[in-house]
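K.L.:
Now for the letters of each chain:
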Amino acid sequence: MSATEQTPATQSTLKDQIREFIQVQLAEPKGITTFTDEESLMETGVIDSLGIFRLVSFLEEEMRVRVSDEEINAETLKSVNTIEELVIRKRK
Amino acid sequence: MDFSWSEEQAAFRKEVIRFAKQELNDDVAKRDREEEFPVEFWKKCGAFGILGLPVPQEYGGGGADTLTTVCALEALGYGCKDNGFLFSLNAHMWTSELPLMAFGTEEQKRRYLPKLASGEWIGLHCMTEPMSGSDAYSMRSRAERKGDRYVINGSKTFITNTTHGDLFVVFANVDPSKGANGVTGFLVEKGTPGLVLGKKLHKMGLRTSPMSEVALVDCEVPAENILGKEGSGQAIFTHSMEWERTCILASHLGMMQRLIETCVKYARERQQFGQPIGKYSAIANMIADMEVRLETGRLLIYKAAWLKSQGRHALREAAIAKLFVSEATVQTCLDAIQIHGGYGYMAEYEMERDLRDAVSGKIYSGTSEIQRVIIAGFQGL
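Line order of the protein sequences matches chains A and B. With my numbering as the guide, the letters of the first sequence map in order to residues 23 to 114. With my numbering as the guide, the letters of the second sequence map in order to residues 864 to 1244.
Rather than coming from a laboratory, the hints here were simulated on the basis of the structure. A virtual CB, placed ideally from N, CA and C, is assigned to each residue, including glycine. Take these hints with a grain of salt, some might be off.
In silico BS3-like pairs for lysine-lysine, Cα to Cα no more than 30 angstroms straight-line [as the list claims (entries may be wrong)]:
1. B:K972 to A:K100
2. B:K1092 to A:K114
3. B:K877 to A:K100
Over 12 angstroms on every C-beta distance to chain A, these chain B residues come out as not near it, computed from the model [as the list claims (entries may be wrong)]:
4. K893
5. M964
6. Q1134
7. D1152
Working from the sequences, and respecting the hints, build out all of it.
P.N.:
Structure follows, in structure tokens:
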């Protein structure tokens, strides 16, 4: 199924999905229980070098968007909010 | 799914094997002993078009897709017995050409890629430091912006291609307070004041591939020599590693095929207790296992390469391929020696060199242990 064929998720649902993935897959294994949507996930240690690629795999496989090499940087993948913005931008 | 090569790819594969057998095998044992890098082979590969295979044609390359490049590298590994030379070739391709293609400015691409693709220049990258190997981003090298220049200081070790290198992709941290997010890549040309080659390093295998330490002593580069942006070194390095882990062991597939064919021939000819040793299940089973490893390795590398050719990321798949093929190659070399008995242990039969060369595959581009960390990490562990 291509991205355009998918039922568009609402923005709040999309953010929930992103937050849940980061919470369960990246933060909890490191013992980090809380983070805000604005917080820099790299500075707080939620996302490390491997975590970036687990996140990119999640975005590509679950969110059905392609993330270019240039987009894998500390600004674009900084927080839940910027990651959500990336997905919305890529789906347009 | 289509597991076959196209007619064009199959023809190219044959041509690469012919080229490699004919042009790249002279004096390998001697050069291995003397740790000599074959500059003339490099020029031949440049003229043949191998060195710039994945580089777009507009920058002087072959514009080949990832699977075709893997096909060619596998053919090289089959036809060329100089694994050290092929290692240098891979380092050039995946750690200098590819990052330039992905992160370089148009000016940087036009300036460097044609020279790298033609073989006029040799590329390399400088990441590893004495105190940071697997934990690469804990590097101590620093780069400080001073006006329109960066001043780099630090020391690097286990750096491939140095003594013959022309373009060094150097990683240094511009802001240690940001940790890995301060790591930045710089393009440093040979001859730049402050770029100093340290002592030559002598290796167990891959001895025809030059390796040394590199020191950066107040090494000044123009600000426009930054690769990507400040802090994008992590993305560049991960990009390089993803490509390298996907493709670097394609030549090992070729090496394994060559070893299997050598073993089959020997097992058919060598008579013991009145029959060819291949008639004994102990030998036949070993060869069957070698064949299973080769075919499994092919599937893993081809899948990772296919993902890359689709513009997708393949960090997990590349880690699986790199882990499996590197370990499979070592086992295949050991089995090949075992099948040949005393002869296999002799340098003259050249399998001991393949083994020495293969061991490094479990270490470079991320150790087997790091690949397992990545694979387990994708499972949330």
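K.L.:
If you check each hint against the structure, which ones fail?
P.N.:
When the structure is compared with the hints, numbers 3 and 5 turn out to be violated.
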